[in-house]
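A.B. asks: Sequence:
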Amino acid sequence: MTCSTHSPCVGCARESFVARNPPTQSCPSMQSLNLNLTLHINSLPGITTRLMSHARNEMTSETMDSFEPDGNGNGKESLPPPPAVVPSDVVPFKVQEVLSTPAEPVKKKASRTPMARRGLGSKGMKIQLQTNHFKVNVTKNDGHFFHYSVAFSYEDGRPVEEMTGTLSYCIAPLNCPNGHGDNESDRKRMRQPYRAKTFKVEISFAAKIPMQAIGNALRGQETENFQEAIRVLDIILRQHAAKQGCLLVRQSFFHNDPKNFADVGGGVLGCRGFHSSFRTTQSGLSLNIDVSTTMIITPGPVVDFLISNQNVRDPFQLDWAKAKRTLKNLRIKTSPSNQEFRITGLSELPCREQTFTLKGKGGVDGEDGSEEITVYDYFVNVRKIDLRYSSDLPCVNVGKPKRPTFFPIELCELVSLQRYTKALSTLQRASLVEKSRQKPQERMRVLSDALKVSNYGSEPLLRNCGISISTGFTEVEGRVLPAPRLKFGNGEDFNPRNGRWNFSNKSFVEPSKIERWAVANFSARCDVRALIRDLIRIGDMKGIKIEQPYDVFDENPQFRRAPPMVRVEKMFETIQSKLPGAPQFLLCLLPDRKNCDIYGPWKKKNLADFGIINQCMCPTRVNDQYLTNVMLKINAKLGGLNSLLGVENSPSLPVVSKAPTLILGMDVSHGSPGQTDIPSIAAVVSSRHWPLISKYRACVRTQSAKVEMIDNLFKQVSEKEDEGIIRELLLDFYTTSGRRKPENIIIFRDGVSESQFNQVLNIELDQIIKGCKFLDETWEPKFVVIVAQKNHHTRFFQPNSPDNVPPGKYFGNFHFGLVFPGLAFVEEYWKKSCIPCVIYGGTSRPTHYHVLHDEVGFSPDEMQELVHSLSYVYQRSTTAISVVAPICYAHLAATQLGQFMKFEDKSDTCSSHGGLSGGGAVPVPQLPPLQENVRNTMFFYLVLLAIAEKYVEAF
Numbered sequence: 001m002t003c004s005t006h007s008p009c010v011g012c013a014r015e016s017f018v019a020r021n022p023p024t025q026s027c028p029s030m031q032s033l034n035l036n037l038t039l040h041i042n043s044l045p046g047i048t049t050r051l052m053s054h055a056r057n058e059m060t061s062e063t064m065d066s067f068e069p070d071g072n073g074n075g076k077e078s079l080p081p082p083p084a085v086v087p088s089d090v091v092p093f094k095v096q097e098v099l100s101t102p103a104e105p106v107k108k109k110a111s112r113t114p115m116a117r118r119g120l121g122s123k124g125m126k127i128q129l130q131t132n133h134f135k136v137n138v139t140k141n142d143g144h145f146f147h148y149s150v151a152f153s154y155e156d157g158r159p160v161e162e163m164t165g166t167l168s169y170c171i172a173p174l175n176c177p178n179g180h181g182d183n184e185s186d187r188k189r190m191r192q193p194y195r196a197k198t199f200k201v202e203i204s205f206a207a208k209i210p211m212q213a214i215g216n217a218l219r220g221q222e223t224e225n226f227q228e229a230i231r232v233l234d235i236i237l238r239q240h241a242a243k244q245g246c247l248l249v250r251q252s253f254f255h256n257d258p259k260n261f262a263d264v265g266g267g268v269l270g271c272r273g274f275h276s277s278f279r280t281t282q283s284g285l286s287l288n289i290d291v292s293t294t295m296i297i298t299p300g301p302v303v304d305f306l307i308s309n310q311n312v313r314d315p316f317q318l319d320w321a322k323a324k325r326t327l328k329n330l331r332i333k334t335s336p337s338n339q340e341f342r343i344t345g346l347s348e349l350p351c352r353e354q355t356f357t358l359k360g361k362g363g364v365d366g367e368d369g370s371e372e373i374t375v376y377d378y379f380v381n382v383r384k385i386d387l388r389y390s391s392d393l394p395c396v397n398v399g400k401p402k403r404p405t406f407f408p409i410e411l412c413e414l415v416s417l418q419r420y421t422k423a424l425s426t427l428q429r430a431s432l433v434e435k436s437r438q439k440p441q442e443r444m445r446v447l448s449d450a451l452k453v454s455n456y457g458s459e460p461l462l463r464n465c466g467i468s469i470s471t472g473f474t475e476v477e478g479r480v481l482p483a484p485r486l487k488f489g490n491g492e493d494f495n496p497r498n499g500r501w502n503f504s505n506k507s508f509v510e511p512s513k514i515e516r517w518a519v520a521n522f523s524a525r526c527d528v529r530a531l532i533r534d535l536i537r538i539g540d541m542k543g544i545k546i547e548q549p550y551d552v553f554d555e556n557p558q559f560r561r562a563p564p565m566v567r568v569e570k571m572f573e574t575i576q577s578k579l580p581g582a583p584q585f586l587l588c589l590l591p592d593r594k595n596c597d598i599y600g601p602w603k604k605k606n607l608a609d610f611g612i613i614n615q616c617m618c619p620t621r622v623n624d625q626y627l628t629n630v631m632l633k634i635n636a637k638l639g640g641l642n643s644l645l646g647v648e649n650s651p652s653l654p655v656v657s658k659a660p661t662l663i664l665g666m667d668v669s670h671g672s673p674g675q676t677d678i679p680s681i682a683a684v685v686s687s688r689h690w691p692l693i694s695k696y697r698a699c700v701r702t703q704s705a706k707v708e709m710i711d712n713l714f715k716q717v718s719e720k721e722d723e724g725i726i727r728e729l730l731l732d733f734y735t736t737s738g739r740r741k742p743e744n745i746i747i748f749r750d751g752v753s754e755s756q757f758n759q760v761l762n763i764e765l766d767q768i769i770k771g772c773k774f775l776d777e778t779w780e781p782k783f784v785v786i787v788a789q790k791n792h793h794t795r796f797f798q799p800n801s802p803d804n805v806p807p808g809k810y811f812g813n814f815h816f817g818l819v820f821p822g823l824a825f826v827e828e829y830w831k832k833s834c835i836p837c838v839i840y841g842g843t844s845r846p847t848h849y850h851v852l853h854d855e856v857g858f859s860p861d862e863m864q865e866l867v868h869s870l871s872y873v874y875q876r877s878t879t880a881i882s883v884v885a886p887i888c889y890a891h892l893a894a895t896q897l898g899q900f901m902k903f904e905d906k907s908d909t910c911s912s913h914g915g916l917s918g919g920g921a922v923p924v925p926q927l928p929p930l931q932e933n934v935r936n937t938m939f940f941y942l943v944l945l946a947i948a949e950k951y952v953e954a955f
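Under UniProt numbering, read the sequence shown as residues 1 to 955, first letter to last.
Check each hint, because a few of them may be wrong.
Straight-line alpha carbon distances no greater than 30 Å define the calculated DSSO-like cross-link-like pairs of lysine-lysine that follow [to be verified]:
#, residue 1, residue 2
1, Lys715, Lys782
2, Lys200, Lys402
3, Lys782, Lys741
4, Lys384, Lys400
5, Lys333, Lys402
If you are wondering where the hints come from, they were derived from the structure by calculation, not from laboratory data.
Quick caveat: nothing in here was measured; it's all calculated off a predicted structure.
Sequences are here, hints too, so could you generate the full structure?
C.D. replies: Shown next, in the form of structure tokens:
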């Protein structure tokens, strides 16, 4: 058999593979195949594959060593030497008889699994909606998929690392012929020995997957093959898109159509495509299609891309060291041959100086006719190609280090659909959000068109499986819950409308007081005196009494071009020299850009070094609404409270108001793609001052890179000492809630997939329980574990309406019963979808809540009321938010603490990032602790770090 590529392959289907024991049936289609294929990789296009049918049944060297030939050449088994002779005067010890009673078996700890649904909610007004799921009819349930694993190795047995874990699916068993499988074309290619490589390919049977598993799962019957059957169907979708020339990113597919491109700056395009995957529902199998966006390199001349990427005027201003890193492994086409290559680097010398050996057809007096020639002269004089600006620029290298192949850079063009995987800048992210936003009706039209363009009805594999897909959006039923009543200052109440409210003519519930404060001004264009006057006026309207600032400290103009750390240090030197003591509060006026480089060092200096509450603002387009939003953050940071739910101080909030209840929000932030040396940031926030559910504090730690499970929840360092996160938060709840221990602990977890649910229940929950038991062995609080997910592709639409689905919608009991990736059937988990937030443009995305564990006994209506209420207590917003406040706070602290790592002194940490230590693990840099006076405040509104030393209090 023949493959058209230059490396071993097994088709488009590549997924992770878990080895299975081969079946023992005697049926030929079920027998394990142990076949050796020898692949000869030549310099010519294509791969010659020779199938050898011999089985590997040679004896190992250990077996051979156990036989010795006798004189007649026969194999005679060698015997071990006889035992030593025991002297007659030695009396052997008597072995004590072993009791015949069997040993007591070791009790294995039972693992927790996600709980089943307890019922359906009923509160709220019913509403009919549509969702982007298309019903799938399956008419054939008696077929099978055959799964084969493929292993590649070199001739000496070493595995080919880039091809490990390869697998293949087919709808009929492989019928491999006996013999070597040579044919005429194989023999012709074998005659080309130049730079040949030989690989050994081992194909073995892995599993037989029945299509009936899908039908069984839809009927609520447990089946072990269900997830694999769905995965095969998804792979068929990927293969169908690959045949259409799409870029594949997991289950998202992107066509090479300029109409789908949006320029976000820096030589990067947002490429709009669509996500397509099969999902199971109570109504049957469905196809989930949604709009998806990925980043790609702008196709075209390499020079144009570099100029845009580095934001320079012409190619002679480019940083070529940075350009070399950016271009590494990108694919280009060269003129005029239109051949495609992959960039391996850039030349060290410019085109007019970079030489190579040009081989001639022959010379005189036995010479080979070769000569040294520059790349520029070769293309201009030999190839007769006019070069306009390449002479003084490096060449593009598409060869190997020892055999480089150079092209002038102006003859190279980047091919389309190459992913850009680096982190986007703030401006690029903002541009992407703005240009990828779609109104609901526009999104529905795009999804309908995507289903037509995909033309899944023409896919033979889907037809062979008896699968047909309807073209209409699925109808579902939702419920609208009433918004909770909010309480403001002076006893005023208000009912939010459409998830919104404002503070016009309203004061804060618990206003703070600002007495000793100052202004640090890094902006050169701000009227500071007018800003201070307006800020004091707005604060007075909200009930905050603000004294006149002690002083305004303007930055010395000579430091405006200095590094950010230097600018911050100089500002603090000025403040310390003029203030009589530490201020209660510092207002920082940033330069024109809000996300400037000063922000991180400024936050670190204030919170970690001096313990000063501070607020940054960018004084451009300042009005009363802007200043009101600033005051929301300042009041919360200083210990005040902006608004409350009307039920917080009454015993009417389900479960939470009736017994001391701690609410936790947990999230982990990871570094950008490709940054394997940046530690992950784990954040946990907890409620305080029970029975309130509007006040929280945060505790954040670093942990190993790309680790999702939080590993510092319980950290025992001695017999009586625990430095874990949970101990710190439990002690804070105890001291702020009238010395009460929480009887209920409700955990909201963000950022985990369905495959990690068991880890949350059996790793993280275990650590939390250990932290509780370490404080009091007899204490047994009840736990509730809820996972919130927003990283999915389900959307809801109002039929025949251009508007979004209003906030407060719950979809916990619709007969459609959406099931998300990896779930067997809808009754397996107690789940619901909710749209609590306000969307000002684009299409709203529901939050999907999975109740994994509930020892308290919430009813569905009680759980939905609690989740709905927690979307209205976010103190820095005047709208309902898209996810419960504890998760939002945890996400904010974890994500922005990750940004703080960029501002650490590189001399202190970069050495530990560069490689492995003697123990083999990369050291995780620890974060500096906060000062005591800011530790317990809600300082994590737009701050960059949050970590506290253990809180030593009597429990």
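A.B. asks: Now look at each hint and say whether the structure bears it out.
C.D. replies: Hints, one by one, checked against the model:
1. Lys715 <-> Lys782: holds (22 Å)
2. Lys200 <-> Lys402: Holds, at about 27 Å.
3. Lys782 <-> Lys741: Distance of about 12 Å is within 30 Å: holds.
4. Lys384 <-> Lys400: holds (26 Å)
5. Lys333 <-> Lys402: OK: Lys333 and Lys402 at ~22 Å, within 30 Å.
The earlier numbered hints are all upheld by this structure, with none contradicted.
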